[in-house]
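Per UniProt numbering, the very first residue in the sequence shown carries number 1; after that it's consecutive.
Treat the hints with caution; some may be incorrect.
Okay, derived cross-link-like pairs now, SDA-like style, lysine to any residue, Cα gap no bigger than 20 Å in a straight line [what the hints assert, rightly or not]:
1. K82 x L98
2. K70 x Y97
3. K83 x N36
4. K83 x A47
5. K82 x K108
6. K96 x A53
7. K17 x N144
8. K17 x Y117
Per label pair, the in silico range of CB-to-CB distance [as the list claims (entries may be wrong)]:
9. D61 x R95: 36 to 44 Å
10. S74 x I125: 18 to 26 Å
11. A12 x D112: 27 to 35 Å
By construction, these hints were calculated from the structure, which means they are not laboratory data. By construction, the Cβ of each residue, glycine as well, lies at the ideal position given by its N, Cα and C atoms.
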Amino acid sequence: MADTLGRDFLRALFKLKSLLGSEFGKGGAGKKNHINLPEYILLREIAENAIGADTNTELADIREFLSISKAAVSQMLASLEKKGYITREVNPENRKYLIVTLTPQGRKILQDIDKVYTCRLQQIIKVMGEQNIKYMIRLINLLNAAVNILNNNMEGE
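Model the full structure from these sequences, guided by the hints.
Take a look at the structure:
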């Protein structure tokens, strides 16, 4: 029983990972302006950033939100900057921090992807139902919490 459950669980996780990876990659892989899901989420998080604003998203918040390392965030920022979607500037009020802002091209790609995402989400909700989507979100959050607990327990050993 546990062997079958383990295989089914891994297969489901792989399908979910493949689904998430393909959604923003349709027709974009290998192109200069290709954007993956984590990059899209990062763009959304920094969309309102501005020099001197009190509400800027900090890189530590992004690392925590995406559950990725500092190096992975830096790599994503470098990729987005190379594509011309963001700029990075030292915060003049606190030189320890960077202010990451969207370029006009970054705002355009974000608007384009937002339209696709909104349309796709509405279609998925129509097929799955709102309650099932909410249930899925709860299960994913529960899985993430369980993995974090296990990882913290392993670090303490």
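Evaluation of the provided hints:
1. For a cut-off of 20 Å, the pair hint linking K82 to L98 stands: about 17 Å separates their Cα positions.
2. For the hint linking K70 to Y97, the alpha-carbon distance of about 14 Å falls within 20 Å, and the restraint holds.
3. Restraint check for K83 and N36: the C-alpha separation of about 12 Å stays at or below 20 Å, so the hint holds.
4. For a cut-off of 20 Å, the pair hint linking K83 to A47 stands: about 16 Å separates their Cα positions.
5. A hinted pair counts as satisfied when its Cα atoms are at most 20 Å apart, and K82 with K108 qualifies at roughly 16 Å.
6. Proposed proximity of K96 and A53 is supported: the alpha carbons are some 16 Å apart, at most 20 Å.
7. Using a Cα cut-off of 20 Å, the hinted pair K17 and N144 holds, with the two alpha carbons roughly 14 Å apart.
8. In summary, the hint linking K17 to Y117 is supported, as the alpha carbons are separated by about 17 Å, within the 20 Å threshold.
9. In this structure the hint that D61 and R95 lie 36 to 44 Å apart at CB is violated, the actual value being about 19 Å.
10. For the hinted restraint 18 to 26 Å between S74 and I125, the CB-CB distance of approximately 35 Å leaves it violated.
11. In this structure the hint that A12 and D112 lie 27 to 35 Å apart at CB holds, the actual value being about 31 Å.
Consistency with the previously given hints fails for numbers 9, 10, ordered from lowest to highest.
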